[in-house]
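*Asks:* Sequence:
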Amino acid sequence: MEQTIIVSATQLKNTKASYQCLGKLCYDFSILNDALVNVDFVHVTFIAGNFFSIIGCIFNTYSVHNNLKIHIKNLRYEIANVMSKNGFSKYFRNIKTEKDPGDSVIPYRVFHNHEIDTFKEHITIHLLQHTGMPQMSSPLKARITDNLLEIFGNVRDHSSHSLVYSCGQYFHRNKMLRFSIVDIGTTIHKNVADFFRESGNVFLGNALKWAMVRGHSTRRILEPGGLGFSLILEFIKLNNGMFSLVSGFEGYEYKHGKESYFKLSSPFSGTIVTMSFYLGDHSSYCLKSETQKKLVF
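Counting from 175, one number per residue, gives the positions in the sequence shown under the numbering used here.
Hints listed in this document are in silico derivations from the structure and should not be mistaken for laboratory results.
Misleading hints may appear alongside valid ones.
[Unchecked claim] Label-pair distances were calculated between CB atoms; the ranges are:
| id | residue 1 | residue 2 | range |
| --- | --- | --- | --- |
| 1 | E252 | V284 | 19 to 27 Å |
| 2 | E252 | D368 | 42 to 50 Å |
| 3 | G379 | T292 | 31 to 39 Å |
| 4 | E372 | S434 | 26 to 34 Å |
| 5 | S463 | G431 | 20 to 28 Å |
| 6 | E252 | K429 | 19 to 27 Å |
| 7 | S237 | R388 | 33 to 41 Å |
Built from N, CA and C at the ideal position, the CB exists for glycine as well.
Given these sequences and hints, build the entire structure.
*Replies:* Structural data, given as structure tokens:
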């Protein structure tokens, strides 16, 4: 059986419309089995580099679990060029992979959920040590690393799948370094609802709002830690960066000093965490315990 799926969005970037488009793509793949699928990008003029983690997650998950063979059609040269630099193109014979001579990409990577040390090395080299990253004290950098690993660890603890996907891009024009971590599996809302149900309660609120609170955790074992979002979000607010979280029907965004929650008409069957760091920030950051000058942690 051969099927064609046309990607409806003209641009895939950090917007509600883009997340809805990829939620619809996720659904379109989920209802197919044993098929050759032509994914047509004829309308797409731009794909943000970090969005290849989402696209890769969808392609790989359903090609394996639903036995799909995926072909890409009508891909613009500019998009193929980004794919060749970040390594996503290695999955497609007709796109040549090239090394990025500069600092514009964080490579596309797929990690098994036990490869936490490999993930730590990846984010240290390509994210925390990226040229232009705001200066941070060693204790603060260690805390942020721990929170990123905690986000990664939640895939292992909560997801029904064993892989986590990441990719990123440095946008020179607005000096934003953007990085996404993605999995397909159990949504945050289901995890929170199940957690409340086990204690005899019913959860009726917004699961993302609950998850953003420092100390909130759905872990069943007695060890400290939450979902890893609160500390990183505090840093991003001081840094004038951006943050978004999408899971199931729910979405959250922090941008330009404002927070917003939104609903998706087409849910994403997993979780997307996107962090944007402003590299035009010349401040130096440290923990509040080190000095009273700057940071609130």
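*Asks:* Should the hint that E372 and S434 are 26 to 34 Å apart at their CB atoms be regarded as holding?
*Replies:* holds (31 Å)
*Asks:* 20 to 28 Å was suggested as the range; check whether the CB atoms of S463 and G431 agree with it.
*Replies:* holds (26 Å)
*Asks:* Range first: 42 to 50 Å. Now tell me if the beta carbons of E252 and D368 are that far apart.
*Replies:* Holds - the Cβ-Cβ distance for E252 and D368, about 43 Å, lies within 42 to 50 Å.
*Asks:* Please check whether G379 and T292 have a Cβ separation lying inside 31 to 39 Å.
*Replies:* For G379 and T292 the Cβ distance comes to about 36 Å; the hint holds.
*Asks:* Should the hint that E252 and V284 are 19 to 27 Å apart at their CB atoms be regarded as holding?
*Replies:* With a Cβ separation near 24 Å, E252 and V284 satisfy 19 to 27 Å, so the hint holds.
*Asks:* Is it true that the C-beta distance of E252 to K429 lies inside 19 to 27 Å, as the hint says?
*Replies:* holds (25 Å)
*Asks:* Okay, S237 versus R388 on CB: inside 33 to 41 Å?
*Replies:* holds (38 Å)
Checked against the numbered hints listed earlier, the structure breaks none of them; every hint is satisfied.
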